[in-house]
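Novice: Line order of the protein sequences matches chains U and Y.
What the first sequence shows, in our numbering, is residues -2 to 278, in sequence order.
What the second sequence shows, in our numbering, is residues 685 to 966, in sequence order.
To be clear, the hints were calculated from the coordinates, so they are not data collected in a lab.
One should not assume that every hint holds.
Now the in silico label distances, taken between C-beta atoms and shown as ranges [stated by the list, open to error]:
| # | chain 1 | residue 1 | chain 2 | residue 2 | range |
| --- | --- | --- | --- | --- | --- |
| 1 | U | Ala174 | Y | Leu687 | 50 to 56 Å |
| 2 | U | Arg238 | Y | Arg955 | 47 to 53 Å |
| 3 | U | Pro47 | Y | Leu756 | 39 to 45 Å |
| 4 | U | Ala174 | Y | Ile952 | 24 to 30 Å |
| 5 | U | Arg122 | Y | Arg783 | 23 to 29 Å |
| 6 | U | Val208 | Y | Arg688 | 32 to 38 Å |
Chain U regions said to be covered by chain Y (calculated; three or more residues, Cβ under 8 Å) [unchecked claim]:
| # | stretch |
| --- | --- |
| 7 | 79 to 88 |
| 8 | 126 to 134 |
| 9 | 142 to 152 |
| 10 | 184 to 192 |
Beta carbons are placed, not taken as given, at the ideal position from N, Cα and C, and that holds for glycine.
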Amino acid sequence: MASASARGKDDAVAVRLAPKVTMPEQASADLLKETTNRFEISHLDFFYGPKQALFNLGLKIPTNRITALIGPSGCGKSTFLRNLNRMNETIRNSRYTGEILLDGQDIKAMDVVNLRRRVGMVFQRPNPFPKSIFDNVAYGLRINGYSGRLSDLVEHSLRRAALWDEVKDHLHKSAFALSGGQQQRLCIARALAVDPEVLLLDEPCSALDPVSTAKIEELIFQLKESCTLVMVTHNMQQAARASDFAAFMLDGHLIEYSETSKLFTTPADHRTEAYITGRFG
Amino acid sequence: MNLRLTWRKSLNVFMLTLTGVAALAVVSVLFLILGYLVWNGWKSLNLDFFTKLPVPVGEMGGGMANAIVGSLKLLLLAAVIGLPMGVMAGIYLAEFGGRTYGFTIRYVTDLLNGVPSIVIGIFVWSIVVAPMKTFSTFAGGVALAIMVIPITLRSSEAFLRAVPTSLREGAMALGASKWRTILTVVLPAARGGIITGMLLALARVAGETAPLLFTAFGNQFWSPGWKQPVASLPVMIYTYAISPYQDWHRQAWAAGLVLLAIVLIANIGTRIVLSRGGVRSV
């Protein structure tokens, strides 16, 4: 929790930039009492060169829950997500200020390889490597210098991603031979292979048909037993049915953050309400 | 209305025919060259051509064994010097090069690509042949390597850029460092294209005569090692074709056929290997 003076400054800035903002910190404070937090983010500002994309974000992401990030295109959901595993570092001239704590540890000070092993990521479009199914899943293990039996872990990861039965007889075939939905589950298996504590999902279903989407959602639901999931989605129904907590973002500001059921039934902010009822965005 | 439709349809047919004929003309040029070479070179092509040395003027027969080996040695040298440099610079441009610096390198590379090959020959003569006081395989190899570099660089850069960013992000999101990502994901993904580019570069310089005239020079005999003048097929073709002897003309045709065959076989062979390779385990 931020100190009183910091929160005061917080509020002043928030009011200046986005009037009528709901206090995200207070909201998260009541609803997350019973769980521990994997990520604690405070005063996060993010810049692409001179352009500020995120403004004073503060939220806590509870352990082993699914947190959905919603908001119109360009509101900074993906930018925020990519801050959590420092993927934004690959973009020239980008920087952030503020604090992102993973299990109480500042990610800025962490070794980036170690951070990304702990915080896996699945992208909008399936991006399997041009290698065999087996080598795709084993990739993360190999680069992390894993020396045990790869095949056991590959099988375990494919089972966790609910893909094993479909691919067990042709593990050495090209990953490109799989369908889009299978490829996306392969990418999830690839991320799960290094046993991450957090899985970041950047619109994981936007390129998939409804059947594949249903499978991935079911998979995500199972994964929360062992993983903290943060998911960006454009699909309101998906956010409503799949997530435990939901954050609504607008123009780089966090407008509202609460339990999903609360956010979708009794939103505190009129902009949240307008967005989820489809009146804009 | 109907008239207009007829006009549009006939215009369509006309343009389609025009482009089709142009395409056909392009393809037929290759087949004309091939056919002409085979027609003229086939008769002179025998075992002797591949196993014997050239004979003095007046004697019939003989072959170009030394020029075939010489050309292969020159290409090997050009490949060893030029290809790694070209590919690595291509990786730098595609993966690291900044805006200004990258632009400069790219522009200079294109200029280098446009330098007339005879000028490259003079340049290599003055920096290699003159100090060594002898024409040599080495000097010829350097001249060809200078031509190989810009072609390889630009083609590998293009193929590396064609690898989707999402693959790089996928690898980096798993904790791979940048060089590891390039080595294990980006390069394998672009492998086919890069190898094709290398081959095209080598095929391109295999037929170069001008840069070899005063670097590798030519030789009627075997050229052991790398420090002596060496015969090569293109220079041999040049020398034999402008000679007044009928027998030498036939030999020149045969040499042309062999040169083209080497390039085509290398090209087709690599394509077959690449297409069979498919996905390879690392």
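Novice: Taking the numbered hints from earlier one at a time, note which ones the structure violates and give those numbers from smallest to largest.
Specialist: 3, 6, 9
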